[in-house]
Structures are given as structure tokens and as C-alpha cells.
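Using the hints, put the two standalone chains together into the complex.
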Amino acid sequence: MGRFTIVEGKAIPMDRANVDTDQIIPKQFLKRIEKTGFGQYLFYDWRYMNDGKENPAFELNQPENKNASILIANENFGCGSSREHAPWALADYGFKAIIAPSFADIFHQNCLKNGILPIRLKSEEVSYLLKEAKNQPYVLSVDLKNEMVKDEKGFSTTFSIHTYWKRMLINGWDEIEITLQFEEKITDYEKATITIR
Amino acid sequence: MGRSIIEKIWDKHIIHQEEGKPDLLYIDLHLVHEVTSPQAFSGLRMKNRKVRQPDKTFATMDHNVPTVNRYKIEDKVALNQMTTLEKNCMEFGIPLAGIDSPDQGIVHVIGPELGFTQPGMTIVCGDSHTSTHGAFGSIAFGIGTSEVEHVLATQTLWQAKPKTMKIEISGTLRKGVTAKDVILYILSQKGVNFGQGYIIEYCGDVIKKMSMEERMTICNMSIEGGAKAGLVSPDETTFSYLNGRKHAPKGENFVHAVKKWRELTSDENAIFDKEMSIDASQIAPMVSWGTNPAMTSSVNDHVPYLKDCKNPIEQRSLERALTYMGLEEGQKIKDIEIQHVFIGSCTNSRIEDLRQAAEIVKGKRVHSNVRALVVPGSQQVKKQAEAEGLNIIFQNAGFEWRESGCSMCLSMNNDIVPSGEHCASTSNRNFEGRQGSGARTHLVSPMMAAAAALNGRFIDVGKLMEVETV
Ligand code: SF4
Numbered sequence: 020m021g022r023f024t025i026v027e028g029k030a031i032p033m034d035r036a037n038v039d040t041d042q043i044i045p046k047q048f049l050k051r052i053e054k055t056g057f058g059q060y061l062f063y064d065w066r067y068m069n070d071g072k073e074n075p076a077f078e079l080n081q082p083e084n085k086n087a088s089i090l091i092a093n094e095n096f097g098c099g100s101s102r103e104h105a106p107w108a109l110a111d112y113g114f115k116a117i118i119a120p121s122f123a124d125i126f127h128q129n130c131l132k133n134g135i136l137p138i139r140l141k142s143e144e145v146s147y148l149l150k151e152a153k154n155q156p157y158v159l160s161v162d163l164k165n166e167m168v169k170d171e172k173g174f175s176t177t178f179s180i181h182t183y184w185k186r187m188l189i190n191g192w193d194e195i196e197i198t199l200q201f202e203e204k205i206t207d208y209e210k211a212t213i214t215i216r
Numbered sequence: 035m036g037r038s039i040i041e042k043i044w045d046k047h048i049i050h051q052e053e054g055k056p057d058l059l060y061i062d063l064h065l066v067h068e069v070t071s072p073q074a075f076s077g078l079r080m081k082n083r084k085v086r087q088p089d090k091t092f093a094t095m096d097h098n099v100p101t102v103n104r105y106k107i108e109d110k111v112a113l114n115q116m117t118t119l120e121k122n123c124m125e126f127g128i129p130l131a132g133i134d135s136p137d138q139g140i141v142h143v144i145g146p147e148l149g150f151t152q153p154g155m156t157i158v159c160g161d162s163h164t165s166t167h168g169a170f171g172s173i174a175f176g177i178g179t180s181e182v183e184h185v186l187a188t189q190t191l192w193q194a195k196p197k198t199m200k201i202e203i204s205g206t207l208r209k210g211v212t213a214k215d216v217i218l219y220i221l222s223q224k225g226v227n228f229g230q231g232y233i234i235e236y237c238g239d240v241i242k243k244m245s246m247e248e249r250m251t252i253c254n255m256s257i258e259g260g261a262k263a264g265l266v267s268p269d270e271t272t273f274s275y276l277n278g279r280k281h282a283p284k285g286e287n288f289v290h291a292v293k294k295w296r297e298l299t300s301d302e303n304a305i306f307d308k309e310m311s312i313d314a315s316q317i318a319p320m321v322s323w324g325t326n327p328a329m330t331s332s333v334n335d336h337v338p339y340l341k342d343c344k345n346p347i348e349q350r351s352l353e354r355a356l357t358y359m360g361l362e363e364g365q366k367i368k369d370i371e372i373q374h375v376f377i378g379s380c381t382n383s384r385i386e387d388l389r390q391a392a393e394i395v396k397g398k399r400v401h402s403n404v405r406a407l408v409v410p411g412s413q414q415v416k417k418q419a420e421a422e423g424l425n426i427i428f429q430n431a432g433f434e435w436r437e438s439g440c441s442m443c444l445s446m447n448n449d450i451v452p453s454g455e456h457c458a459s460t461s462n463r464n465f466e467g468r469q470g471s472g473a474r475t476h477l478v479s480p481m482m483a484a485a486a487a488l489n490g491r492f493i494d495v496g497k498l499m500e501v502e503t504v
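Here the protein sequences line up with chains A and B, keeping their order. Using this note's numbering, you'd call the opening residue of the first sequence number 20 and step up by one each time. Using this note's numbering, you'd call the opening residue of the second sequence number 35 and step up by one each time.
Chain B extracted, bound-state conformation (with noise of 0.2 Å):
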């Protein structure tokens, strides 16, 4: 029988298999940021233990930073934990890319563009959205702080191998839709919890036209629909990117490295547990109007009717979530008025998300009740972005353009939306209190954010787009 690239990568990575036991899986790379090391680095202190692979793990600040002013932090108990994380990293020899160096970034973000996420690879760190580097046909996923110090001592996780799922994504996508929009299509189909206990390959023709930015965006985004990990088979884009990336194999090594990940796809007689198939036509750009990743629909659109809810838990959670965004049932998505906007997160602050955003935005202005914010994903981005000028573009039409970091899609820096104002928003939570306490987010496409930031409100960028090669 033919195995899945998913068996594949988990199979080379045991160590220790018994029945009643979870599998004891190696990890090849473990990336770590402020919020969810510190207890972890404790508890190997108080055990007098050390980090067994200080080579294979990675630092970075990223949730707490400040988007300006980044070096005077006025938040005492935040500079603490940073400052936590940089002695850390000083006493146990794990390299950090801290807030003054030219490689920080969010950890989602700079783990693929060093070229430290690789094809084959398993891969953790203390945050959900590790599913992210999947893309790269990796496994991928998040832990908690105890699985932290786990992986510090041991370079090892014990894992109950989960279940195997197939999204084929086939046919072509239409005039302004974007990853984005797929992954938000999927979870307003199949809800929040349809990958629990899974984890997915994402494949199909829509996939294998996709750039890495693009996959990064799909995978980082199903953890939402509760899997363990999403991942993409590595391919010719996958290489290309990676060529020549700081920490990726070089020369020879590459030339090796890469024959050995042609091998990394899933036999043509695989099985998995889980098969389904998405129509890309069908999907329209997406705006979510509830609580949760799920409660999303169509720009086109409108918010559901609580008669049309199939049984009471949903239809109390359609209430809750109503009372909660301000909106009525039946009321149009593109009735609704923002007054914040922000692109930024480690699903949309890539270079391309910022090109494509920029494209929408050049020449014009942000709509006077609108205050909107640029965050790029690491400095890397924000530099090649200057680069190329899209910082102009952004200032010019009255973004503000700010320094790397996780911002406003958790808001624990001072990048807050107040309580009762809505934001179209590039990241990948809208759960209630998640920008601020009170705050109302709507998770868009950097390009359905940046046009939301010229109107005031939402509006099908594909139809905008359309007009405009008239």
C-alpha cells in the first residue's frame, strides 16, 4: 500500500514506537519566541538541565515588540519578558535574532525566509500557527510551554500519530481571491473543528500554482479548522525559494538536498482517512463577519438569518457572536463600516502580501474615518519593501508604516482597535477581545483590507479589478 508524504516524514522520524505509548518523534527544528519559553527555560533550570540541541533551535521576539519606538518599551512587564528571553538564549546557547537585529521578525515568518524551514523536516514551536511551515512539506505544528522544555532537554516529543486528510483544491481561481480567501472558504464550509486529529495535505492545481507566500498563508490557517498541521509536497517553487536562503544546504549540499525532497510526495496509491475536494471557482473574495474563523462569508453576501441555523448551540453562538460584532441578522457584509485597517500577521506580512496590497492602494487615499497600518512581517520584508517603494505608496495614500512584529493581531503591544470599532484585518483570528477588549475584527485578503481602507467599507476587489482592466 502507498503511504502519504505525511506517514512518510513521521515514520523517519520515529525513535521509539511501543504499544500504549505514543510514538517518540525527533525534532529537527524548534523555533521559540518570548511568550511561551520563559516557564519552559525555568523548569530546565530547576532541574539542572541543558538544551540538547542549541543548533537546532531558534529565537526570536516577536508578540510583545512595539511597532514604533521599538526600543524604548514602556511596558515593564513585557520589556521583562523580553529581556527574560535574551538571557535565556545567552545561558543556554541558543542563537537569537533579537529586536536590534536585521533578521527579526514574526517566528512564522523568518523561519522560512532564513531558509531554516526545510522540506522533510518536523518542526515545532510554542505557537498554534506553526502549521505555517508546512508549505515547505514539512510537519509542522504547535506545542504547549511544557512541550517547550520537552523539546529543549530532548530534541524529542512523544505524539500519538494522527490521522491523514487530502484537500484537493482544482480548478482556477477567479480575479481577486487569493489564498486567503480559499483557506476562509474552506473553514466557512467545514467549520472550525473539521481537522481535529488530522493533519492535511493541501494539493491540486490551484496549490501547485502557488507561490511559497501563498501556501505559507493556507497552512498557517489550519490549525483554524482545528488540525494538527497542514502541509504542501515540495516542489519546484519550494526549491527555488529556498536556493540560496541564509540557512538552507548550499552548492553541492543543495544539489543533494534537493534530490533527496523530490522523494517527499504522497504515493499515487495512498490512502487517507480523509478525502475532500474544493471547487476554486466558487470561491468569492472573503470577508468573516462573526467570532470565530468559520463565520465567514462572501463579500457578496450577508450575515446569516438565525432561523437558518441547524440547532440550537449554533444558532446561541450566531446570537452571541452578533451581539458581540454590532451586526444584525441578514444585514450585507458590505453594509458594514470599518474604521480600522491592518495588514500585517504571520498569515499575510510577507513581501507579495505587501505588493499586492500596494497595488490596490497606489494614488489613492485611505477614506477619512479610517485609521490603517502597515505592519510587515519581519525586517527583512520591511526592507525589501522600501526597497521597491511600496512604504511610499503605503504613506502616501495615509498608511502608517511600522517596524516588524506580531502588532495588532494579538495586540499585546500598545497596537490596539478600541472596544465596539470594527477592522479589516489581514491575520487570522477574529475571536472576541483578540485586537483589543471589545475590538471587532473581520479577517480579509491584504487586498480586500487595502480596499477596505480606500472605501470605509467592504467591496469585491475582483469586481475592482475588473473595472480597472477595462
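Isolated chain A (complex conformation) (with noise of 0.2 Å):
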């Protein structure tokens, strides 16, 4: 996973509340057994018509909106199953940061997992977000380090994101590594609980 220190780039709007996992990626594509590639299939559904053509009307496929490395939406991003194939889609097909009022919780989770930055912002602050970047190009800076989002316009907020979270993506850690240094305490718990049992 690469590290995450300050990205600047292309920031298009999805202006959908409560979009779910099984939209970012359909279960059709769950039975690969690899964790790369699942860019191609990302918003399968809403990205292309039933004859495997592209949806004009979607989002991502409208031309000023390609390349986009940031993604706006709206509230409750990501409910639903806890397919981490969610992520490893957004990542593959090249975003880096997501803007929404609220996440579902595992989504979140599995964001932070695979070096995307789940970003929240109050309500208003996205809804300015939203209606400015339906004016391509629109282009975002999103500072990890200083928990900072700026446009080119003059507006700029801050964000705050746990500690533990922000170290681990900006210095890419492998959190298991970080977590078998509790070895000790990890084996001391398991012979304690046996003996209670």
C-alpha cells in the first residue's frame, strides 16, 4: 500500500445518499479470489447499460469527470455488506479520497485498510463541495498531515481523524506487525481466560 501524504487532484460529485456496497461493486464480482483488478467493475451497475455499453448518465463516465482521484458523496457512504472488495475497487479505479457528511462503519474501516482517506465533512461544507464540482475541472487539495481541504477558490476546512489511522496511512504500517509486539499480552490473556473457564 503506498503511503498517503497530500493529494491534489480532480474532485467529481456523486450527489446519492445511502449508496451501498453491493452499488460500488456487485456481487457477481466477489467470487474472484484475488484482491487486484476490480476497477473495471467498480459501480458495474450504474456504469454501464444492459448491452455492456457505457451509461452516459452515470457520474463517472461523463468525459469532464474522468481521471478523477476524489471522490464527493453524500451521506452514509458505503452501507451495507462489509465487502472489502468496495475499497480495493475505488482504489484500483484511482481514487484516493472520499468526502461525505457520514460512512457506514466497516466501510470506513476498510477505507483506512487499503490507503483511501474517508474524509467527514460537515453538511454544508459537502453540499458546497457537491455544487462546485459539478464545474469540471474542480480540483481539491486534501492534506493529510495538517487534516486540511482546500479548492483553488479559497475555501478550506479541517477534518480530524484518529491518530492510530493517520499514522498508520501516512507511514504505511502493516498493522499486524504493529499488533504481534502484544504477543505477550495477547498469550498472558489467553491463559488467564482459560483458567477462569
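For the record, the hints were derived by calculation from the structure and aren't laboratory data. Any given hint might turn out to be false.
[Claimed, not checked] DSBU-like mimics (lysine-lysine), calculated; alpha carbons at most 35 Å apart, straight line:
#, chain 1, residue 1, chain 2, residue 2
1, A, K29, A, K210
2, B, K280, B, K396
3, B, K341, A, K141
4, B, K396, B, K243
5, A, K185, B, K197
6, A, K50, B, K396
7, B, K396, A, K185
8, A, K210, B, K396
9, B, K294, B, K195
10, A, K153, B, K224
11, B, K398, A, K50
12, A, K54, A, K164
13, B, K341, A, K153
14, A, K185, B, K84
15, B, K81, A, K115
16, A, K54, A, K150
17, A, K204, B, K195
18, B, K398, B, K42
19, A, K172, B, K344
20, A, K29, A, K115
21, A, K132, B, K121
22, B, K84, A, K115
23, B, K84, A, K50
24, A, K185, B, K81
25, A, K210, A, K172
26, A, K185, A, K169
27, A, K85, B, K110
28, B, K284, B, K417
29, A, K204, B, K121
30, B, K55, B, K195
31, A, K29, A, K153
32, B, K280, A, K210
33, B, K195, A, K164
34, A, K150, B, K341
35, A, K185, B, K224
36, B, K81, A, K204
37, B, K308, A, K132
38, B, K84, B, K243
39, A, K204, B, K46
40, B, K42, B, K224
Every value quoted in this text rests on a predicted model; they were computed, and no experiment measured them.
Spelled out as C-alpha cells, the structure:
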């Protein structure tokens, strides 16, 4: 996983509430046993029509929205199924950060583990971004170190993220490696609970 | 200050706690299935890691399995995923209820059925409906594949402590109203993210009177409200359900375990971050009309009007949902014609669910426009149902009687609802495309699904039952 520092890139709007992970990556693509190559299936049912052609009305297909790295979304983004295939597909497609007023818990966690930064902003701020991003090109800069989001027109705001996850994203740690430093404590816990039983 | 059952279980599982970090939590039981685990095992292999506690891990295959001709799997990619699970379990020493096992079934049906799921535990699985296991008074939640790998390697997880919510359900349920209607009602009132960041304790008279199957149905759909988990304090109902189960403690150990489990209740002065109460008498049989589980109303009601929406986002969602579902604003729920019925899934495929549905179906015929399916949650449920003759009741009425698995809940196998057609489902999600591209799902209870199969449209089973008892 690459390390996250500052991302500056095209931000595009997806103004829909409660986008679920069944939409982000439909079930027919969950049969693969790899972690890679899911980008082509991202939002498949919305992105393609029955004949396999791109649906021109869908957000990602509009020519000015191509090659975006930041997605501006709405309430409860990523709800439903726990499938990590959703952030795998988003990351593989090229998204590095997602901005929304709220995220579903498991999805939020899954993003952090795959180098995607989920940013919670206030509803008014997200509304502003959604509106601005309708006129492309719209570029945002996301600075994880200073926890800031800025556009080129003078908008700027801060967000907050748990320091643990922040360090993880910046340093690209192997979380299991960190946990294994607590090996002794885990063993002690296991011994103690066996005797209780 | 008193503590809630949620805090009691959580605190007991903390291995390490420090400022600026989530808690490092011990995991007692890790359930594994074929879809969300292959990449986790590859990860272990790449780093030369072992599974720390194979005996606290249990695997099955459920999502991909065919429910007819289950040994002749034509889908090569799905087959590969299943054999990959077999190989991984073999290599890492994990017990597996494979396709030919008498214990096979939907992971959230067999965990409790085999007695793996026990009060006071922390339970995880790479599946959002892990919340089901909370019915036994455990903290059970879904995780992603990276976390699956983490639990396999360390038997722990880093988790920020969630907030606590108490939902008290009191009063009496009307005839024909089931646990499924209770949870659909809560979702219809509170929305799809009221539980975000919370673990919910369900309590009150109605919950106390419920069987384990009913409690599982409620806890199962906690995730549909965005909650991390949902649970019910264990009581006599819980203990007697567990007594004698294959992996539950036996003899002396059981007596000892029950003594410990009895302590798992919220203190009277426990403080919750949020509390709400639900009046059970307000609940009617529910039917979802939209594309998320909160888009639900009473069977006697109608699809909402656009003008009644509170804000533009909601209005857009409603518009989109109506277009997808092929419904008109204001349309009566009872006027929706259905072509498919699916009785199954981890929400409603246990023996009680099948008994309730069979009761409605007995001696009647499935409507000529309807194709109806019963998919038992596990091989054990199937066997039990067959011993009671339920399969004959269903088959005589024109239902298909299938092998166990997730089936048409997410249609990863060949059980699919064709585009544009309506399906009354006892499952938990009515998302766009969930039961097939363009498929239109209506979430209902097993009794409502059974009645819909007979009539080709929705009817109030409560009223039906009143007529029959007169
Ligand atoms: S039955 Fe449906 S919700 Fe339950 S585990 Fe299977 S796919 Fe998931």
C-alpha cells in the first residue's frame, strides 16, 4: 500500500444518499480470489447499460469527470455489505480520498486499511463541494498531515481523524506487525481466560 | 455508576488500552466463509504467518453454493472460490463445514445451531450480518477482509469503543406481526443510519417473550440501521436453546457457564448514550417498497408522495427508488403484483420461520403467476423441516424445496429474480440489483411472504388469521 501524504486532484460529485457496497461493487464480481483488478467493475450496474455500453448519464462516465482521484459523496456512503472489494475497486479505479457527511462503519474501516482516506465534513461543506464540483475541472487538495481540505477558490476546512489511523496511512504500517508486538499480552490473556473457564 | 452489558463484555476483552489508540480487543470466535476470506489467507501466506487459534475459527461455504444439484457446480469461478476455502482450511488447520457436511449452512444460522455462539463472547466474521449472533448476549460484528486476516493472525482487533443505545420494545404484538415486522418498523421510523457508531441493546417485554429465532431476526438487521452490533441479554430462553448443542459446554461445565452467563445483564442504573422506546401495538405487518430497508411501510399503507418528503435529498432518493421499483407515488402496497417469493436467508430461514410460513400455506396453492422458493438456512434446518413434513406442505402447494445456502438473498448462485419482476423476500436487503440486475425486492416476514405467494400480491396476514380463527 502506498503512503498517503498530500493528494491534489480532480474531485467529482456523486450526489446520492445511502450508496451501498452492493452498488459500489456488485456481487457477481466477488467470486474472484484476488485483491487486484476490481476497478473495471466499480459501480458496474450504474456504469454500464445492459448491452455493455457505458451509461452516459452516470457520474463517472461524463468525459469531464474522468481521471478523478477524489469522490465527493453524500450521507451514509458505503452502507450495507462488509465486502472489502468496495474499497479495492475504488482504489484500483484511482480514488485516493472520499469526502462525505457520514460513512458506514465497516466501509470506513475498510478504506483506511486500503490507503483510501475517508473524510467526514459538515453537511453544509459537502453541499458546497458537491455544487462546485459540478463545474469541472474542479481540483481539491487534501492534506492528511494538517488535516485540511482546500480548493483553488479560497475554500478551506479542517477535518479530524484518529491519530492511530492517520499514522497508519502516513507511514504505511503493517497492522499485524504492530499487533504482534503485543504478543505477550495476548498470550497472557489467553492463559488467564482458560483458567477462568 | 452502573454498566451496560455492552460495556461489561467489551471491557472484559480489552488486551491493551492506551491514549490515542483504539482498544486491542480479544476475539473469542471467528467465523469464515468463502467470499471474504481468500485474500486474507493469501496475505498470511505471503508473510509466512499462521492462524493463531484455529480452534476458535470455524468455516463454512454458503454464499456461492447452488441450492439445486449442489455437487455439479457449473460456475468455474465460484467453484474455484469454494475449493480455495477447502485448501485454506486444510493448510491452516481450520475446521470446515463444507458442501457435503450435515452441518453446512448459512454462517449465521449454523454458528448458533452448533452451539459455537455463546453469551459474553466477542464474535466476528467477514460479513455484515454477524450482528445476528448478538441475540445470545454477545458482541458480534462484521469486518472486512483485512480485519479477517488480522484476526486469523492475532485473534485480536483494534477497535474504537462504540457508543451504547438501548431500544425498549414494550406492549403486545398484534396477530400476524413478527420479529421481522418489528425490526422493519424500527428501520422505517428511524432510517438506515440511526445506529451509526452504536451497539444496540434490545430489551423490553416483547423481546423477553421472543424465542431465540426471533431475537436473531431482530439482531440480524441491526446493521441495516447502520449499527455496529445489536444484542439481547441472555436469559432462560437463551440457556435452554444452548443446552445440548454440539459445541456448547456440557454437564458440569454447562451449569458453570450458565452461572457466569446470568451475570450478563445491564445494571439497573446503567447509562446509555441514547435510549428509545417502541410501542409494539403500533406495528402492523410491514412491506418494503423501496431500495433500502427503511423504505418500508405497513401493508395497509401506500407508497409515499414526493411532496411529503422533508428535504431535496430525500425527494431525489424517493424518485430514484420509485423509478427502479416501477411504482407510482401513492400506490397502495396491496396493489403491487409479485412474481417471485423467496423464503430464506440468515434473517428468516430457521425452523420457526419455516413452520410459520407452512402454517399459512397448508392445503393451499401458490398463485399461478408466482414462482416460489423455500431455501432452509442449513442442512440441519432442512432435515428438521423434513422430519416435520414441512417440505411436503410447501411442495404440495407448489413451492420449490431447495438445499441450504444464501441463495436468492444476494443471488451469487443461479437463483436470480429477472429484471423488472417483483419478489417478496424474507431476506434483509432490497438494494438495487441485490437479487439480480433490475430485480425488485420487497422485504417481508415469512408469513407475509407465504401469503403473498398464495395471492400474487400482499395481504395483511393478521387479518387473514383473524378470519380463520373466527
Ligand atoms: S443470507 Fe444473505 S445476508 Fe445472510 S449471509 Fe447470506 S448473503 Fe449475507
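Is the Cα-Cα distance between K42(B) and K224(B) 35 Å or less?
-> With Cα atoms ~27 Å apart, K42(B) and K224(B) stay inside 35 Å; holds.
Is K84(B) within 35 Å of K243(B), Cα to Cα?
-> Cα-Cα ~44 Å, so violated.
Would you mind confirming whether the straight-line C-alpha gap from K132(A) to K121(B) stays at or under 35 Å?
-> Within the cut-off at roughly 26 Å; holds.
Quick one, are K84(B) and K115(A) close enough, alpha carbons at most 35 Å?
-> This hinted pair holds, its Cα atoms lying about 31 Å apart.
Taking 35 Å as the top limit, are the C-alpha atoms of K204(A) and K46(B) close enough?
-> Holds - the C-alpha atoms of K46(B) and K204(A) are around 14 Å apart, at most 35 Å.
Given the proposed pairing of K341(B) with K153(A), does the C-alpha separation stay at or below 35 Å?
-> Roughly 26 Å separates the two Cα atoms, so the pair holds.
Are the Cα atoms of K150(A) and K341(B) separated by 35 Å or less?
-> Given pair K150(A), K341(B) holds - Cα atoms ~23 Å apart, limit 35 Å.
Is K185(A) close enough to K224(B), meaning Cα to Cα at most 35 Å?
-> holds, 32 Å
Would you check the hint for K210(A) and K172(A), treating anything up to 35 Å between C-alpha atoms as holding?
-> violated, 59 Å
K153(A) and K224(B): Cα distance at most 35 Å?
-> holds, 31 Å
Decide if the proposed pair is consistent with the structure: K341(B) and K141(A), CA atoms, cutoff 35 Å inclusive.
-> holds, 26 Å
Between K284(B) and K417(B), does the CA-CA distance stay at or below 35 Å?
-> Holds, at roughly 24 Å.
When the structure is compared with the earlier hints, violations turn up for hints 1, 6, 7, 8, 11, 18, 25, 38 and for no others.
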